[in-house]
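Residue numbers (the numbering used here), protein chains in the order written: chain A, 2 to 389; chain B, 2 to 389; chain C, 2 to 389; chain D, 2 to 389.
Hint data in this document are derived by calculation from the structure and do not stem from the laboratory.
Source: prediction; values computed, not measured.
There could be a bad hint or two in this list.
Any copy, or any two copies together, can satisfy a pair, since identical chains are not distinguished.
As the list claims (entries may be wrong) - With a straight-line Cα cutoff of 25 Å, these simulated DMTMM-like cross-link-like pairs (lysine to aspartate or glutamate) come out: (1) 45 <-> 185; (2) 45 <-> 156; (3) 45 <-> 57; (4) 45 <-> 343; (5) 45 <-> 29; (6) 182 <-> 78; (7) 45 <-> 359; (8) 45 <-> 69; (9) 182 <-> 219; (10) 182 <-> 159; (11) 182 <-> 291; (12) 45 <-> 219; (13) 182 <-> 372; (14) 45 <-> 150; (15) 182 <-> 293; (16) 182 <-> 69; (17) 182 <-> 29.
4 protein chains.
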Amino acid sequence: MRRLRMGMVGGGQGAFIGAVHRMAAALDGQFEFVAGALSSTPDKARSSGLALGLSEHRSYPSWQAMLEGELRLPADERIDLVSIVTPNHLHYPVAHAFASAGFHVVCDKPLVHTSEQAQNLISVVQQTGVVFGVTYNYTGYPMVREARERIRRGDLGEIRKVIVEYNQGWLASQLEATGHKQADWRTDPERSGIAGAVGDIGSHAENLVSTVTGLELEAICADLTTFVPGRALDDDASMLLRFTNGARGLLWCSQIEIGAENDLRLRVFGTRGSLSWRQEDPDTLELQQEGEPRQLLRRGNAYLSASAQAATRLPAGHPEAFIEAFANVYRGVAETVLARLENRTPDPLIADFPTLADGARGVHFIEKAVESGQTSQKWTPARWLPPA
Amino acid sequence: MRRLRMGMVGGGQGAFIGAVHRMAAALDGQFEFVAGALSSTPDKARSSGLALGLSEHRSYPSWQAMLEGELRLPADERIDLVSIVTPNHLHYPVAHAFASAGFHVVCDKPLVHTSEQAQNLISVVQQTGVVFGVTYNYTGYPMVREARERIRRGDLGEIRKVIVEYNQGWLASQLEATGHKQADWRTDPERSGIAGAVGDIGSHAENLVSTVTGLELEAICADLTTFVPGRALDDDASMLLRFTNGARGLLWCSQIEIGAENDLRLRVFGTRGSLSWRQEDPDTLELQQEGEPRQLLRRGNAYLSASAQAATRLPAGHPEAFIEAFANVYRGVAETVLARLENRTPDPLIADFPTLADGARGVHFIEKAVESGQTSQKWTPARWLPPA
Amino acid sequence: MRRLRMGMVGGGQGAFIGAVHRMAAALDGQFEFVAGALSSTPDKARSSGLALGLSEHRSYPSWQAMLEGELRLPADERIDLVSIVTPNHLHYPVAHAFASAGFHVVCDKPLVHTSEQAQNLISVVQQTGVVFGVTYNYTGYPMVREARERIRRGDLGEIRKVIVEYNQGWLASQLEATGHKQADWRTDPERSGIAGAVGDIGSHAENLVSTVTGLELEAICADLTTFVPGRALDDDASMLLRFTNGARGLLWCSQIEIGAENDLRLRVFGTRGSLSWRQEDPDTLELQQEGEPRQLLRRGNAYLSASAQAATRLPAGHPEAFIEAFANVYRGVAETVLARLENRTPDPLIADFPTLADGARGVHFIEKAVESGQTSQKWTPARWLPPA
Amino acid sequence: MRRLRMGMVGGGQGAFIGAVHRMAAALDGQFEFVAGALSSTPDKARSSGLALGLSEHRSYPSWQAMLEGELRLPADERIDLVSIVTPNHLHYPVAHAFASAGFHVVCDKPLVHTSEQAQNLISVVQQTGVVFGVTYNYTGYPMVREARERIRRGDLGEIRKVIVEYNQGWLASQLEATGHKQADWRTDPERSGIAGAVGDIGSHAENLVSTVTGLELEAICADLTTFVPGRALDDDASMLLRFTNGARGLLWCSQIEIGAENDLRLRVFGTRGSLSWRQEDPDTLELQQEGEPRQLLRRGNAYLSASAQAATRLPAGHPEAFIEAFANVYRGVAETVLARLENRTPDPLIADFPTLADGARGVHFIEKAVESGQTSQKWTPARWLPPA
């Protein structure tokens, strides 16, 4: 097995998600972190790289320098893949540039600011054929995969109702006014995009529903609110959903719910059963078949699907959590890339990660939610057509 | 202390809620059950009464006969109060007749079918001055009272967001087609009224929010659905809420969520804290003050408010539940009636029960929810003006 | 149906458990509370009776006066049954006197102070044939009955291990020095007996294990401790258990565990499965079959045993709790007495309550636990032989 | 920052804990895995090493060859540290040899088979001065550190009672007869030592109590059982504990509790409060101060101690789990080694890991538990005197 060489854009000192990406990539020993442009401030970019053990000449002052520098290296030294962990507004130019140059990409979410940008990226990737993963990390949890498999195999019957909620409280006051880095860019339309909570976490909720249920949105009725004075973007949103199969749903996301930490939950109800999952207790999936006792399915047990078992590293009762789920995205990308290098078919149980299509659908969802929030018409059509 | 003499309309063999009312009234030994018209079928009415130990001549064949018969008795034998536990469509005529005749009333919810009927009842009660309680029993829980007190004293700051949900699954298939008595009348517009789940349980959710938060609804955006083929009324409803103070909310109620039993939950978020309560675990109230650890407030402890303590019968850890909360409605009515008999001021901590105004507001909520469900306009004004 | 006439000894103003007995007896409308000697202080006895609505002449100043007075009444007015809810030391003389006189008895636990007294009571009851129930109320919970049925039908295989715990914290400081009535007599050897926590709550734990598993104790190894200075009796005890079938166990009870309210829990492990139940969440029974997902069995569902269903009053999700379980003891006694009056066989699903044998076995357990606590030998034989 | 070079003994194909050590060491990017003798079968050792990306010449066929080979390398290529992840019987010879040769050591638990071996290791380490960590990984959890800090600062008052339990069920049948590698050596006295469950998991329970409370054991009363026929070592053990300060305790560990996964729990009760923690829900610590509501302390919040915060990598609500806690042991060792290399004082908040003394005390505990299990005397003295 050869290790894949990874570069990173963003994720320097003080960043949160960059460190998560590095831990996720490190966990299984499949990646070697060799290059980075870790900040948009050249000095900080370089010092962050050195502090993380990058060599002098691959601690680049900017992503443009990194792209150029890496292309100049021999193929067997050059990075295989770039991780993009910047604020949202940089996802598009960086992803476009690296994917165009033939580098594989892992990009944080939401993918880009507009559906047009998403379509452009899709075109680039269709041309260059690079592998492109989007870190909708919550679908990397083994019990989320179990949920998806249970629905696919019909345990719930036809889906009637979906309730998805993403509760946070960390932006209940004007944290961005205190110089808090994470709060700062997320509440700034220039860097965050047209949405606040909807883009930052609502988009995870959409991805979770879509991945687990396979349902397609037909229409949205949204109420977006900015509760904290002085803030430009929504910090709370509630939506009614209609799906193309007739199912109904509720989706909400909030960053002003004091006491909520990172409380993403999903409930799905069908004609024969239901299931429930909660991110803060990720190793358990509650399953209910009509007329039977509620079951607690637990990660690491032999009664689970092959998909859930393949996403697991530890025996039952030895809890796995956020980083391990995140690492499953990286492991899926690695498997896909390695299979190409080794000229084999990837293992579909491992090569299971959110793709550019997930990213594009997420952008479309954000646009429709914002559009609905601005109209007095109840239902805003929200069907997404996958790119040809 | 003298025991109050209670009569009952409805609640014969096979009924559910009548038995609950009898246990609730019996618990504290304040009521003596002496008369009844327990079914709309005269034979069944009489046999049910006898089986429950009523005397021959006070096991009435109909509520009209009971009204007449009781009025003929001397004042010191006649019932003090009537409990109305029939299907919804009979609430109005029975309550109107007994209240007009000067009997105190405890009536199940939803109060009546229309706001006009509600207004008529209010007029009657204003004239005769009888005590009138409505069994929105969930607000009888001690920890619901604690929630109300915490909000009143400002622990949460200004309320921003309310999430209330009432999840049931017992009507996920067409139970009414099997001769199930409870399912039968609840799904029949003649007896249930214009709404199904919205009236049966959504109305409890409305009462819980209103009682605990004191907020007033401004507008509703509802999506009502009938999932089970052959059913006439909604069995699922989801709503976005706006309150007059600017708060936002989500309310849903469903009777098709397989696995859900009687899962009523409330979450309230303010500018300084939040709280969360769940009916299926009623002795616990979760409270969160910003920046502090989450607190689990537990019934029966000395740190609780006088209101919560007054609603409690057992020490902490000796769980109280549904019947005890229900009994608090009866105890509140009893305290009010007894205070009149004894010519004293009722203890406000005990005489704390849902009134005719709660009942009328509930009817208004049902009407507005149904109206919203039928329009393509996003927001339906839903402000309720208390009767003059 | 005729109501049974009930008298009560003990349970006057300030008492806790007397009020519980009254609510439990009232719940199903099978008892009429007509006589009492509610305190050992004559004045308080009479005033307590009057406050509870007893008539002047049946508010007796002492239990002796009550015995005498009731015997003087005509048979169709006389009480059917006496409830004994005094401090422990009075259980024996009162129960002995009333049972000898032919009255049915419900007696609180622990039954009496010594095995000799227990044997004497058994002899009396064998002679007079009265019905005698002991309020080991926790086995009245529907899900405890379900646990017992599951083990009886072999779902767990052969039992290997039992863990039973009874955690309380209310005596963590010297509450008895503050005049607290409940703490006062429970910590006084004259009134409480040879044991403190072991008698008050450990004895419930023994009853729960014995009832649910049917196992017989072979030997005990106990460590009894008095943590609070100035206290005469144990306030904490931990024990290793061995059962005659080779199973092992742990039992502890404590009244100094700050934060514990009334936390009685049972876990049973067999060769094929296990179960777990917790009194503070009484409507749920966790069941595990080897290799399968954990199941949450919930009161009120059709998949439960007839025994559990017969012990239930409300549909699933409408929680039942302490008083309802307590009421099941009274309902079982009532069914047994009524069957005699009506000359029929009692319904075994209803006539299911802790008997004098349970009471006697509990006393034996307390004696052996105290004996073990005083010896340096590891195992104290603890087998109990039921009376001939 | 330079990365530390790590070698590993044990942990080849099919092993469980070796992979955990590698993930834990990889997480923070402080270690480079460069050498290994991954199996006691030379061929398997080499193939395992190559499969994990080790170079041909550092995939050693045996630990002796690895020791020799590494010593022959120049100091700046040679491993800094060896991780010992073999079955128990090899811990001693390998640790002794590498520590004697001046390599730092991370060794799995239980440390060695006898207290004599432990003392010998202590002497070696005293002579060579190497850093020696023992992977009692559960004390690496942030909320375990919080528990320790709360007790140190006196929040609980004087400790009175400790309940520690380690429930597993994976050995409820004779898994070792099926060729299951983990079950095989753990149930074999030659490789596992004198104890089964007591050594494998009871020893973790001892370490957790000792680390969190700082209490010293005075005496043990143990009941060790082998439930599964054909097994040589205990698979279940229950113990009463006495501590030198007068506190009492219960400790049990079992591998036959069907349904239990890896359920390690700790409860500590003092004169002023109590706390409770559960490994399967590691991000929460329950804290109770007398007379106040129960608090749920959650990892990642600003109200926690510096010690807990230093052990954390993610914000609250982004769950951390087993690997992250395990990684804290590695990070602590790395900090200590790096501080030496950099000639600075290690950060005490980071350099916080179980040491050789913890390992030696654990061995002593196992010996005393087994001794107690074999005697009919109630109390076996169990005080451990730290090495001079």
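Next on the checklist: Check the structure against each numbered hint from earlier and tell me which ones fail, lowest number first.
Outcome noted: 2, 6, 7, 9, 10, 12, 13, 14, 16
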